[in-house]
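**Q** What follows is the residue order along each chain.
Protein chains: 2
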Amino acid sequence: MSSYEKLPLEPFFEAIEELKPKFIERITKAVSIPSVSSDETLRPKVVEMAHFLVDEMKQLGFEDIQLKELGIQPPPVSDPNLKLPPIVLGRFGQDPKKKNVLVYGHYDVQPALKEDGWTSEPFELYQDKAKDILYGRGVTDDKGPVVGWLNVIEAHNKLGWELPVNLIVCFEGMEESGSLGLDELVAKEANEYFKGVDQVTISDNYWLGTKKPVLTYGLRGCNYYQIIIEGPGADLHSGIFGGIIAEPMTDLIKVMSNLVDSKGKILIPGVYDMVAPLTDKENELYDAIDFSVEELNAASGSETSLHDNKQDILKHRWRFPSLSLHGIEGAFSGAGAKTVIPAKVVGKFSIRTVPDIDSGKLDQLVFKYITAEFEKLNSPNKFKVELIHDGNYWVSDPFNESFTAASKATQDVWGVVPDFTREGGSIPITLTFEKELGVDVLLLPMGRGDDGAHSINEKLDVSNYINGCKTLGSYLHYYAKA
Amino acid sequence: MSSYEKLPLEPFFEAIEELKPKFIERITKAVSIPSVSSDETLRPKVVEMAHFLVDEMKQLGFEDIQLKELGIQPPPVSDPNLKLPPIVLGRFGQDPKKKNVLVYGHYDVQPALKEDGWTSEPFELYQDKAKDILYGRGVTDDKGPVVGWLNVIEAHNKLGWELPVNLIVCFEGMEESGSLGLDELVAKEANEYFKGVDQVTISDNYWLGTKKPVLTYGLRGCNYYQIIIEGPGADLHSGIFGGIIAEPMTDLIKVMSNLVDSKGKILIPGVYDMVAPLTDKENELYDAIDFSVEELNAASGSETSLHDNKQDILKHRWRFPSLSLHGIEGAFSGAGAKTVIPAKVVGKFSIRTVPDIDSGKLDQLVFKYITAEFEKLNSPNKFKVELIHDGNYWVSDPFNESFTAASKATQDVWGVVPDFTREGGSIPITLTFEKELGVDVLLLPMGRGDDGAHSINEKLDVSNYINGCKTLGSYLHYYAKA
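Sequence lines, in order, name chains D and F.
Heads up: the first sequence begins at 1 in full-length UniProt numbering, then just goes up one per residue.
Heads up: the second sequence begins at 1 in full-length UniProt numbering, then just goes up one per residue.
These are computed hints drawn from the structure, not numbers from a lab.
Please note that the accuracy of each hint is not assured.
Because identical chains cannot be distinguished in the list, a pair is counted as satisfied if it fits within a single copy or across any two copies.
Said to hold, decoys possible - Think about it this way: if two alpha-carbon atoms lie no more than 27 Å apart in a straight line, the pair counts; the simulated BS3-like pairs of lysine-lysine are:
id, residue 1, residue 2
1, K263, K368
2, K376, K265
3, K83, K338
4, K98, K281
5, K45, K384
6, K384, K211
7, K382, K338
8, K97, K281
9, K384, K265
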């Protein structure tokens, strides 16, 4: 454990413990509102969830609460007049002498049906008292962290303590459905509602494993491409046309087979040249992290690891690029046998990006290589390769003020130095806040790696919920002093 | 034109011409019954169509008419008590001195909706008088040929002529839906209803092009395979798992890429060694056939021919094997972008077979090669390759009695020697009749290559309908004399 000047936060921790029944009640209420953003018929419930937060915030003493309307949801939608759920903004404290911390969370959830295999009703919080675990849709993603911030205020109110920072909250209701409208809102409010924000904290990810708290300082980016190969004017019968026309599938499969090898090595020349060299100091970081091949196998449900040690696994998940072949649009994809020659096939793949891959330069390498591979085939078919979307990687300084504060808070609460981790996936809003507000972003997770955020039986351990609230509050105190 | 002793069939041809309005009325009634076998809600219409044929047959003097019930349709079905449509059997003539010819046809049709792009109602026969073409679902596939046989009887009745052979009809109502129950019925009736049959004639295919009649003496077979590669226990997120596990899609694409090249050459060793050598005599056959690269391009709607001359195209369609990659089950197949690592992917491909490929030996070559290709990858994923179904090729002697008779009939009616063709696809019932009854089968098409059997605006030229009836009848006379 590293040494630092501990703050006298015991009363705060005790207040959290005393309020535990109330906090469980609060997450129970939150889970009971099925705020599924992808289900149009449940849109009123998403809006109800926004109002639930507003009511709670009012009772706790938030000021300047606003419901930011984002207009009509763009197609594809069934209801052409479907309104996007509002973004909830609010402030707690406006003391010009204090730092301003913006916290982001989302109050919408993934769909869930009991029939999917849940052992309890997904929209009724179920507390397994023996295991001390809370089950319910959204309990960890992201209602636990969202109400966690409110719990922190309540504990301060109970103690009669001032919050050490001014807190600005930004809770959205479309995160599980592409965060429609959020980027525009953040850009618009950067110099309005969010003016003066010093730091952004997002609690919407998870520990790497199940035992050790983490702080997340990096995310991979993702460039998603498609290769379009088109031949005949319509799908043809393979009995009549097999052997006499150039089949688009043959060409596509050939091109796709040259993108990555079975060991995961990207075969597109130049990609690895852009990757920042691994320094000795960075290399050592991986030794301390709590992870194992066994944990990967448990997570993947198989023994298909490409690497036989935790260091290589973590490096390839976090700081090296990867290429995945996702599928083919336009080819036969059903069960059974269909003797079709597909007329137009679209191969989908993506590359996870890391520092210092330049996204535009990567596109050029990809286009050039794939075009050359197709040209080698000497095929009469039409060919195109294009980017569908990209999102940059993100990496922060794990030794900056907010990470240091969060590390101290974690040590106070959990009694261990957190692992400093990255993630293989992307959280696009991280980049949006960093870019639009020009401030550092901290990812401070509450739940564990096995919470099953998008799966059945989503859960949050009571210890993570309660200690998570302690950590969020404690972090604000350390950050205020930094 | 080859020389042969012409039969005095002019009165028969004249009778057909005189009956033309009645024959158009008969096909109009047949088309008006939407006997779509794949649509459970239209099953009563399929049965109605069977009864329509029975009524027509009774009026014409058929005997021993039987509706053979085939029992309940096996799953998948919505209605677990759904009955299969009956097979219609009947005899015209039972003279022991005459040859017995069995004719097969099907009275069910493909689905059709006006909204699919039909210019007229699909189940109302539309006669374009300027072009002299009949439009309607089933008009060429296969209601035209089915009622064509009835028209032949009617013309004989009108003339007071005896039919030169005993005719046995076998009309089924599930051809467009896998001919469920037909194989069993043919086997069962081989020594019962079909006892003594000398020859089977099927009119359920098409001319190669649009100008010249053909007789079909060969069909390719089809062995359909799947390669199953399985890794993680469930689909995974490519952000979190990309680069650290062996992805099934990477392995599958690699294996599939080594099955066939972009020129259509099969890469599995040993397959071409089994193909019967092309003799000089056979090679010459292709020169006379009416076809061109342009016709192929028109049919495929593209300029993607693998060969620059008609001979090579026809050889590769009819007498060389081909391998087509159909698609992948389990991978992402939708529009847009999904960052999934599919857990289990199933690659589908088939090989069109020709003389003298041994189906069982082909399976062994395929399994051995693909297994070796997968093993080269050294992948931890689970692998399996299996046959989904096979159907043998068929080839007949184009100089036997029935083909010779059909050739003479065609010359009488159309004034040209027909092209002797094969087809690239398969008509499994051909093999069933040959095998179960132990007799020769003749494929004697009525419609043209551009009739659009399974497409919108299915058509049959009036000339093909009327001359087709003449050819069917004339063929029976020549065959009786052979």
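**Q** Now, for every hint given, state plainly whether the structure supports it.
**A** Here's how the hints hold up against the structure:
no.	hint	in the structure
1	K263 with K368	both (23 Å within a copy, 23 Å between copies)
2	K376 with K265	both (22 Å within a copy, 16 Å between copies)
3	K83 with K338	between (42 Å within a copy, 25 Å between copies)
4	K98 with K281	neither (35 Å within a copy, 97 Å between copies)
5	K45 with K384	neither (43 Å within a copy, 47 Å between copies)
6	K384 with K211	neither (47 Å within a copy, 38 Å between copies)
7	K382 with K338	both (24 Å within a copy, 24 Å between copies)
8	K97 with K281	neither (38 Å within a copy, 100 Å between copies)
9	K384 with K265	both (24 Å within a copy, 24 Å between copies)
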